[in-house]
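K.L.:
Sequence:
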Amino acid sequence: MRYSRALQKKIKNYYTVYYRDLCGLPDWEVRVEKRIHEEDKEVKRIERVQSLLNKKFTATQKHFIFGAGTGGLAITLSREYGCDVYGIEPDEEEFEIIQDKCTVAGINSDNFKKEYGEELSFGNDQFDVVNCFTVIEHVEDEEKCIQEMIRITKPGGHIYINTPNYNYPYEGHYKIPFPTFLPKPLGYFYLILIGRPWKFLKTINFVTEKSINKILNRQKNIEWMRVYRPLERKTNIMSFFFNFIKHTLFIYPDQEIIIKKIS
1 MRYSRALQKK IKNYYTVYYR DLCGLPDWEV RVEKRIHEED KEVKRIERVQ
51 SLLNKKFTAT QKHFIFGAGT GGLAITLSRE YGCDVYGIEP DEEEFEIIQD
101 KCTVAGINSD NFKKEYGEEL SFGNDQFDVV NCFTVIEHVE DEEKCIQEMI
151 RITKPGGHIY INTPNYNYPY EGHYKIPFPT FLPKPLGYFY LILIGRPWKF
201 LKTINFVTEK SINKILNRQK NIEWMRVYRP LERKTNIMSF FFNFIKHTLF
251 IYPDQEIIIK KIS
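Just so we're aligned: 111 in the working numbering is position 111 of the sequence shown, and the numbers increase by one with no gaps anywhere.
In case anyone wonders, no lab produced these hints; they're calculated from the structure.
Just so we're clear, the structure is a prediction, and the values are computed from it rather than from any experiment.
Only pairs whose alpha carbons sit at most 27 angstroms apart, straight line, appear in this in silico DSSO-like list of lysine-lysine:
#, residue 1, residue 2
1, Lys44, Lys56
2, Lys175, Lys9
3, Lys202, Lys184
4, Lys114, Lys144
Given these sequences and hints, build the entire structure.
P.N.:
What follows is the structure, encoded as structure tokens:
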């Protein structure tokens with residue numbers, strides 16, 4: 001997908017603020033450049049989700065992106081798989097980028113709404129697949145959002161949720177080992193000590209397997225399961241430490257959850 005210079009500038013400006021100013025990543029320039037063509041990496045992610053759901057994505061399906069970001073996943077689902085794609089994105093800058101991308105890709109921009117996930121404007125039982133990637137940790141009410149995802153999913157449809165597990169001592173937005181067991185004010189102090197911006201941490205809820213399990217166990221008319229990735233095969237000291245946490249304590253950095261709506 002080729003975008004105009006004006007749209008590329010919007011994308012670069014948005015992700016420069018995110019990677020450099022909010023997260024303080026040392027490799028922010030590389031990450032910003034990759035975002036210009038973020039659709040390129042989405043095919044691999046989609047292939048994994050298809051495998052987990054045991055479902056091929058086709059033009060007969062309606063997909064919903066819960067927190068569509070700057071539209072990489074939505075554009076790829078539409079162009080590469082022919083899916084009828086909808087979604088929400090509450091952030092003004094990201095929503096504007098999605099609208100521009102839809103115009104370029106020939107997608108109806110009205111399919112995407114600027115709204116929050118706790119109270120969706122979409123009707124019941126509409127979507128074959130709902131995708132929620134690294135969003136739940138940012139919402140105001142995790143349970144309401146999950147209930148809304150279930151509500152808009154068709155009976156027999158699936159929800160894929162990927163979110164961090166903050167029992168694991170790593171923060172994936174900042175890309176650093178992180179003392180997630182500490183109260184958040186001490187987390188701010190830790191970030192200041194290591195020279196990182198701290199305000200973005202205020203937008204993150206430290207969701208855990210236990211907290212999400214409690215929510216899912218309260219829901220009716222669903223079946224759900226977790227998926228765990230294999231251990232890393234790297235041999236450096238940090239990988240050994242993290243593998244010990246995963247293998248010995250069975251604490252994994254990410255939560256991958258598959259939900260099937262029964263009725």
